[in-house]
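Q: Next come the chains, spelled out residue by residue.
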Amino acid sequence: MFEILEKRSLNPTVTLMKINAPRVAKKAEPGQFIILRTDSEGERIPLTIADFDRNAGTVTIIFQIVGATTEKLNHLNEGDCLQDFVGPLGRATETEGLKKVAVVGGGVGCAIAYPVAKKLHDLGVEVHSIVGFRNKDLVILEDEFRAASSKFVLMSDDGTAGEKGLVTDALKKLIESGEKYDRVITIGPLIMMKFVCRLTKEYEIPTVASMNPIMIDGTGMCGGCRLTVGGETKFACVDGPEFDGHLIDFDEAMARGAMYKPFERHAYEEACNLFKEVK
Amino acid sequence: MANMSLKKNEMPVQEPDVRNKNFKEVALGYTEEQAIDEAKRCLNCKNKPCTTGCPVQIDIPAFIAKVAEGDFAGAYEVIARSSSLPAVCGRVCPQENQCEGKCVRGIKGEPVAIGRLERFVADWHNAQPETAVNKPASNGHKAAVIGSGPSGLACASDLAKKGYDVTVFEALHVAGGVLSYGIPEFRLPKSIVQKEIEGLKALGVKVETNTVVGKTISVDELMKEEGFESVFIGSGAGLPRFMNIPGENLNGVYSANEFLTRINLMKAYKPDSSTPIKAGTKAVIVGGGNVAMDAARCAKRLGAEVYIVYRRTETELPARAEEVEHAKEEGIIFKFLTNPVEIKSTEDGWVKSVVCQQMELSEPDASGRAKPVPIEGAFIEIDADCVIMSIGTSPNPLIKSTTSGLDTQKWGGIVADEAGKTSKDGVYAGGDAVTGAATVILAMGAGKKAAAAMDEYMQNK
Chain P
1 MFEILEKRSL NPTVTLMKIN APRVAKKAEP GQFIILRTDS EGERIPLTIA
51 DFDRNAGTVT IIFQIVGATT EKLNHLNEGD CLQDFVGPLG RATETEGLKK
101 VAVVGGGVGC AIAYPVAKKL HDLGVEVHSI VGFRNKDLVI LEDEFRAASS
151 KFVLMSDDGT AGEKGLVTDA LKKLIESGEK YDRVITIGPL IMMKFVCRLT
201 KEYEIPTVAS MNPIMIDGTG MCGGCRLTVG GETKFACVDG PEFDGHLIDF
251 DEAMARGAMY KPFERHAYEE ACNLFKEVK
Chain X
1 MANMSLKKNE MPVQEPDVRN KNFKEVALGY TEEQAIDEAK RCLNCKNKPC
51 TTGCPVQIDI PAFIAKVAEG DFAGAYEVIA RSSSLPAVCG RVCPQENQCE
101 GKCVRGIKGE PVAIGRLERF VADWHNAQPE TAVNKPASNG HKAAVIGSGP
151 SGLACASDLA KKGYDVTVFE ALHVAGGVLS YGIPEFRLPK SIVQKEIEGL
201 KALGVKVETN TVVGKTISVD ELMKEEGFES VFIGSGAGLP RFMNIPGENL
251 NGVYSANEFL TRINLMKAYK PDSSTPIKAG TKAVIVGGGN VAMDAARCAK
301 RLGAEVYIVY RRTETELPAR AEEVEHAKEE GIIFKFLTNP VEIKSTEDGW
351 VKSVVCQQME LSEPDASGRA KPVPIEGAFI EIDADCVIMS IGTSPNPLIK
401 STTSGLDTQK WGGIVADEAG KTSKDGVYAG GDAVTGAATV ILAMGAGKKA
451 AAAMDEYMQN K
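Top line first, the protein sequences correspond to chains P and X.
Taking my numbering, the leading residue of the first sequence gets 1, the next gets one more, and so forth.
Taking my numbering, the leading residue of the second sequence gets 1, the next gets one more, and so forth.
If you are wondering where the hints come from, they were derived from the structure by calculation, not from laboratory data.
Any given hint could turn out to be false.
With a cut-off of at most 30 Å between alpha-carbon atoms, the simulated DSS-like pairs for lysine-lysine come out as follows [unchecked claim]:
no.: 1; chain 1: P; residue 1: Lys26; chain 2: X; residue 2: Lys142
no.: 2; chain 1: X; residue 1: Lys142; chain 2: X; residue 2: Lys224
no.: 3; chain 1: P; residue 1: Lys26; chain 2: X; residue 2: Lys206
no.: 4; chain 1: P; residue 1: Lys72; chain 2: P; residue 2: Lys99
no.: 5; chain 1: X; residue 1: Lys282; chain 2: P; residue 2: Lys261
no.: 6; chain 1: P; residue 1: Lys72; chain 2: X; residue 2: Lys162
no.: 7; chain 1: P; residue 1: Lys164; chain 2: P; residue 2: Lys118
no.: 8; chain 1: X; residue 1: Lys224; chain 2: X; residue 2: Lys421
no.: 9; chain 1: P; residue 1: Lys276; chain 2: P; residue 2: Lys7
no.: 10; chain 1: P; residue 1: Lys27; chain 2: X; residue 2: Lys421
no.: 11; chain 1: P; residue 1: Lys27; chain 2: X; residue 2: Lys424
no.: 12; chain 1: P; residue 1: Lys27; chain 2: X; residue 2: Lys400
no.: 13; chain 1: P; residue 1: Lys276; chain 2: X; residue 2: Lys270
Chain X stretches covered by chain P per the calculated footprint, using a threshold of three residues with CB under 8 Å from any CB of chain P [unchecked claim]:
no.: 14; stretch: 159 to 169
no.: 15; stretch: 197 to 206
no.: 16; stretch: 214 to 221
no.: 17; stretch: 237 to 249
no.: 18; stretch: 293 to 307
All residues carry an ideal CB built from backbone N, CA and C; glycine is no exception.
The following block holds chain P by itself, in its conformation from the complex (with noise of 0.2 Å):
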């Protein structure tokens, strides 16, 4: 079983756990993620690895409270254990022969944009991180991110933190003031993901998105998670998380994405009605 031995909010639905998974801390990377379970009649949900130990033997998640699974998840508390938690699973983000990235996160893709910027730091790259959310109540890891970057710009929609606008604004404006990146790497909301691709294919850019799609099994077995890259179909769980965002179908992705979206809806309204029940 799979202890938590940490837990913490980061904001009214984002939620941060630490779990003792010794075998998954030894292997894991930044850019890969795990699969877990709550309970023995629970759904199997991916999480990218936020942060790991590999001395403590511990991995790190951080969620945000979208549908049942993660209610039920974030229903668990300190010395409770998950039922199952296995990985890391795909691929980890290249780093190599990179010198200056710009990092975009939007929303809890943060949490995931965070591991990612630490290394390359770690590995001398200049950073530059871009991360926005929709209000000031909603930001996570600031002072992580700016320890991490040598330029941090934090965004909101409603500009109660930081400016006010969109990402894309603001990697535009780093870019049109003569900021040459070698790479840039989104994490965060779909359609956020698209534009921050559309704008760098204008300025040619090479652009990596990590995505985040329905999964089952998480090892190539299912093919759940599929989707259309340069034409061609590749698994996220085995060939990704992490693609080539000018060739990404986006608008197929998010078509994908809202399979489930009802019986989501109900499942998570059951949920929180039966945790209001327990109350």
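Once you have looked at the hints, place chain X on chain P.
A: Frame of chain P; chain X shown alone:
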């Protein structure tokens, strides 16, 4: 006195119109009387051709003789000497091509119902109170088995019986491989699979789920850091193939692997499951193998009108005759000589219909089956809101790409000799990971052969 009836005792089954709405087992099993009566059809002939048809060489006439005497415990002992999964094999083996295909009674009339008798004996045994298992004395050697499907379980069982300290590594959260995620409950109840696995654990076999070899740990690390002297790779053929036709990534298109995994492993057919499934109102299954039949019959049980489209004719269907028969009885509609070329979309990205090319048969191809060729200009369009691609699977490249010195075929299969020996010292392989998608029993046979070779390797090291 032998029973000279030309026909097998019929297997009691759930009525088609009842069973196509539930996930409970279709075949209900023989009663003791039916089993004894059927066992008496065996002539106990000298040549025992049935045994040569069995990939794990069960002494078939011997166990049937015990059944005929009403000594079911004795019958089980005979089977258990050769097979570690009789309750599974009695249900899913293609007996018509193996033991029963060789039975002399089949020359004139139907062969002895060996599969049904095997199932009866295994079920009888499982219904008895648990008896303490004699755990073999340890021989001090450690072996690892990768994958807990049929080949891995058979290999682990044989090694454990010889006293090896065996650990089975499984990527998913439940052991059993294809027996758990692939074959549906109505053909192979999951409680039976778990019972067989519990039996292995009682022999001392450790099962570590949630361990993806190639990711969580590598074969090299197992051998160098964790002290496993020999490793068996039974990782199966789990990578689904697609047709690469337009519309294949639309919502509502599944690989059979995904569709069946949602249903079998994640229990999506239960109303309170936390994993969703959408079989739609009209489902088209592409392919003609056992997996296609399983997917079709699952979709039917979820309430869809179900079509199987297959590019050859009924004669060439690779599925077992019994599965095809069951599917037909349950109301699955077959469209032969039909090959999908495009899946059309609704405005919001869901499947709307499947456009199919009509085919005709010409000369036999490399597989020896008549090759289907398109009839120019002949297309049909089938309305559908769910499409399930069941056109085969290939071995997962994960282990190959993370194991030093392990040779594989171009198509991904691990290169191994008859005994399962690979190009890497101490590493053996068998089952679908070597042959490509085949049957449960062939995988078990390969696992057993590899266990014998691994035993020899470790003893002579």
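Q: Are the hints correct? Go through all of them and say.
A: Against the structure, the hints come out as follows:
Distance check on the hinted pair: Lys26(P) and Lys142(X) sit about 23 Å apart at the alpha-carbon level, within 30 Å; holds. Between Lys142(X) and Lys224(X), the direct Cα distance comes to roughly 12 Å. Compliance with the 30 Å bound is thereby established for this hinted pair. Pair hint Lys26(P) plus Lys206(X) holds up; C-alpha atoms about 22 Å apart against a cutoff of 30 Å. Among the hinted pairs, Lys72(P) with Lys99(P) is inconsistent with the structure: their alpha-carbon atoms are about 41 Å apart, more than 30 Å.
Of the pairs offered as hints, the one joining Lys282(X) and Lys261(P) holds, with about 20 Å between alpha carbons and a cut-off of 30 Å not exceeded. Proximity of Lys72(P) to Lys162(X) is assessed by CA-CA distance (about 45 Å); at most 30 Å being required, the pair is judged violated. Our distance criterion of 30 Å between C-alpha atoms is met by Lys164(P) and Lys118(P), whose separation comes to about 25 Å. Restraint check for Lys224(X) and Lys421(X): the C-alpha separation of about 19 Å stays at or below 30 Å, so the hint holds.
The straight-line distance between the Cα atoms of Lys276(P) and Lys7(P) is roughly 21 Å, inside the 30 Å bound, and the hint therefore holds. A hinted pair counts as satisfied when its Cα atoms are at most 30 Å apart, and Lys27(P) with Lys421(X) qualifies at roughly 28 Å. Distance restraint check for Lys27(P) and Lys424(X): the Cα-Cα separation of roughly 23 Å lies within the 30 Å cut-off, and the hinted pair is therefore satisfied. A hinted pair counts as satisfied when its Cα atoms are at most 30 Å apart, and Lys27(P) with Lys400(X) qualifies at roughly 18 Å.
About 24 Å separates the Cα atoms of Lys276(P) and Lys270(X), which keeps this hinted pair within 30 Å; it holds. Look at the stretch 159 to 169 of chain X against chain P: 0 of its residues bring a Cβ nearer than 8 Å to a Cβ of that chain, fewer than three, so the hint is violated. With 0 residues carrying a beta carbon less than 8 Å from a beta carbon of chain P, the stretch 197 to 206 of chain X misses the three-residue requirement, and the given coverage is violated. Counting residues of the stretch 214 to 221 of chain X whose beta carbon lies closer than 8 Å to any beta carbon of chain P gives 3, which reaches the threshold of three, so the coverage claim holds.
Evaluation of the coverage hint for the stretch 237 to 249 of chain X: fulfilled, as 7 residues show C-beta separations to chain P shorter than 8 Å, against a requirement of three. Judged by the Cβ-Cβ criterion of 8 Å, the stretch 293 to 307 of chain X is not covered by chain P as claimed, because only 0 of its residues qualify and three are needed.
Of the hints listed earlier, those the structure fails to meet are numbers 4, 6, 14, 15, 18, in rising order.
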